[in-house]
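Engineer: Sequence:
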Amino acid sequence: MKPLGSQDPEQLGRYRLLAVIGQGGMGQVLLGQGQDGRLVAVKQIHRQFTGNPEFRARFRREVMASQQVTGAYTAGVVDHDADSETPWLASEYIAGPGLQDMIGEFGRLNLNGLKLLATGLAMALLEIHRTGLVHRDLKPSNILLTNDGPRVIDFGIARALEDDVNLTATGAVIGSPAYMSPEQAECRQLTPASDVFAVGAVLAMAATGASPFDAASTPQVLYNVLYGSPDVTGIPEPIRALVDACLAKDPSARPTPEQLLDAASRIDVEPVWPVRIRRRIADCQAEAGRWADGTAAAAASIVSEAPKPRWARLAPVAAAVSAVVLASIAFWGVGVEGNAVAMDDPPLALTHEESRRLDLCALLDPSVLGELGTATSEVRPSSFGGCTIEYRDQAGRKMSFSLNTGEGVADVRDDNLPMGSTINWMPVLGRYKESASCDRMVVTQSGLPMVLKMGASTFPPAGDLCPQSERALAAVVRRLSVNPPLRTYPQGSLQSLDPCTLIDLRTVRASLGDLVRSATPHGCALNSATGLFVVDIGEGIRPDSLPGRKARPTRTIGGHTVYLDGSGPTYCTFIHLVMPTKDDQAEQLRASYYPNSWNADGVCETAAALFEPVLEKLPPS
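Sequence positions in the sequence shown follow the UniProt record's numbering and run 1 to 621.
Incorrect hints may have been included.
For lysine to aspartate or glutamate, the following EDC-like pairs were computed, each having C-alpha atoms within a straight-line distance of at most 16 angstroms [as the list claims (entries may be wrong)]:
1) 617 - 536
2) 249 - 293
3) 433 - 415
4) 249 - 186
5) 582 - 544
6) 398 - 378
7) 2 - 464
8) 2 - 287
9) 249 - 270
10) 582 - 378
11) 398 - 504
12) 550 - 504
13) 617 - 498
14) 550 - 565
15) 398 - 371
16) 433 - 407
17) 617 - 504
Just so you know, these hints were derived from the structure itself, not from any lab.
Make the full structure from the sequences, and use the hints.
Structural biologist: Written out as structure tokens, the structure is:
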């Protein structure tokens with residue numbers, strides 16, 4: 001990376017710009033930092049390409065579609081401005097070298113690295129294709145390497161350019177000839193199978209050091225793609241079969257990403273990069289840290305003041321020539337190592353408002369959990385404010401995943417143990433190391449302390465589902481770190497409120513004594529030596545009368561009709577129906593009282609007395 005130039009902006013949107021990552025014919029890539037410290041790669045289009053209103057419209061549609069791609073093996077788009085004088089988009093910054101640079105410097109990958117590359121690319125295609133996108137320019141320079149595997153960048157953006165040749169340089173080729181499919185070379189309609197062909201070409205290059213269609217000129221390369229047999233000499237056999245299948249001329253004969261993932265997963269070696277690549281990844285992470293804390297910029301400033309030798313003065317000329325070459329084969333060119341977009345573990349930093357507006361059901365969608373299998377049910381509400389969905393894995397095993405944020409931080413820490421792993425710097429908690437019904441949790445470390453609890457189970461119980469539970473939780477955390485799905489509540493909803501603001505502390509303290517308060521996004525608990533009072537807001541089964549079901553008993557508290565959800569010697573719960581939502585569900589305000597003594601007198605009377613001031617504070621309906 002290099003310092004910003006005099007013509008480079010210092011701010012784009014909410015991001016402070018730190019350095020120039022690379023230059024290309026259509027734009028440049030800048031390193032940016034948000035107010036929360038998160039690093040992003042900001043791709044800015046050159047002004048001369050933005051005069052066409054149709055371009056902006058297509059660019060906007062592509063960015064909106066790309067925001068849906070949030071899997072672990074892609075770089076998610078986090079912000080954009082298609083209406084700017086120079087449109088830009090920001091994606092998570094990946095501090096890692098490009099595959100092309102690593103093969104050029106260290107030579108071909110061993111079988112361990114090839115397995116990691118193949119499985120990661122297959123999973124990336126699963127995520128990209130689920131959104132309806134076709135990447136169209138999958139090549140080694142668009143693949144960055146992290147410790148967890150490859151990351152695919154610049155997905156789908158080139159499509160915004162292909163409809164108008166006036167937006168490209170004269171004679172420019174959209175895509176990279178050595179990695180494009182025959183149908184793309186002939187300008188035919190593309191399907192996801194085109195990206196699978198590119199994966200085959202990338203794997204061949206990583207295994208041998210050269211494209212399987214390599215030739216002295218671009219026309220000869222295109223001829224080889226269309227009519228020639230790929231050169232697969234030197235590819236180790238477990239990978240060669242995958243490459244042969246992916247490089248079939250007929251798109252219908254190529255494997256699907258699911259089949260590619262299954263075949264790659266069966267290769268009997270540990271998926272890991274060679275040591276030299278892992279060291280280079282660490283170097284890239286350290287460099288990003290230096291730009292983020294300002295030490296790299298300070299060092300660059302000192303160096304720039306010294307007289308430059310002749311070779312250094314010639315470097316800008318060489319860079320300009322390189323940019324022209326890159327522009328002839330790609331939309332985004334990247335000029336240096338450690339170049340393009342995203343950090344391995346972006347921090348999870350949600351505001352209080354975002355925590356209360358989280359769409360938990362969207363976090364169980366196949367666009368987030370698709371790497372775990374195929375969804376076999378719709379996402380549906382479960383318990384009070386949680387969501388659940390069923391998946392089937394590649395072995396045919398049926399799994400149920402549930403997600404909720406309703407448990408208290410102190411309770412979770414008291415009842416669970418660290419499992420020895422972390423997700424985005426948060427320790428993973430659980431009760432059992434192995435179980436056919438397994439919960440894994442993390443506690444957020446900024447904003448409103450919140451427990452993210454993922455449950456995985458199968459019926460009848462079979463095998464250990466703790467790895468699946470942790471993988472699902474990691475996928476959810478990653479989506480939240482990049483682009484959290486937020487709900488828009490209807491008028492009259494209480495779910496954006498802080499439940500603690502509804503509770504009259506004097507009333508509760510007079511009844512229960514000294515209090516210890518804890519909160520969740522939609523709940524507030526006040527605990528004392530004599531009892532526990534909890535108020536929470538969420539969706540559940542309607543308590544009123546529905547066809548085929550009797551209504552729960554009612555009671556009037558402070559002029560409000562409430563429903564008795566349940567009672568006994570040690571608890572009493574009332575529900576106030578806020579509004580019906582969907583089918584048999586309704587938004588509800590729930591109040592529960594749990595005395596610490598067995599068979600306490602007047603449990604529901606105490607609950608009603610504590611609930612009445614809460615009801616009085618409700619906004620008018």
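Engineer: So, for every hint listed, does it hold in this structure?
Structural biologist: Hints, verified against the model:
no.: 1; hint: 617 - 536; in the structure: holds (14 angstroms)
no.: 2; hint: 249 - 293; in the structure: violated (50 angstroms)
no.: 3; hint: 433 - 415; in the structure: holds (14 angstroms)
no.: 4; hint: 249 - 186; in the structure: holds (12 angstroms)
no.: 5; hint: 582 - 544; in the structure: holds (14 angstroms)
no.: 6; hint: 398 - 378; in the structure: holds (14 angstroms)
no.: 7; hint: 2 - 464; in the structure: violated (49 angstroms)
no.: 8; hint: 2 - 287; in the structure: holds (11 angstroms)
no.: 9; hint: 249 - 270; in the structure: violated (31 angstroms)
no.: 10; hint: 582 - 378; in the structure: holds (14 angstroms)
no.: 11; hint: 398 - 504; in the structure: violated (46 angstroms)
no.: 12; hint: 550 - 504; in the structure: violated (33 angstroms)
no.: 13; hint: 617 - 498; in the structure: holds (12 angstroms)
no.: 14; hint: 550 - 565; in the structure: holds (13 angstroms)
no.: 15; hint: 398 - 371; in the structure: holds (14 angstroms)
no.: 16; hint: 433 - 407; in the structure: violated (20 angstroms)
no.: 17; hint: 617 - 504; in the structure: holds (9 angstroms)
Of the numbered hints listed earlier, those contradicted by the structure are 2, 7, 9, 11, 12, 16.
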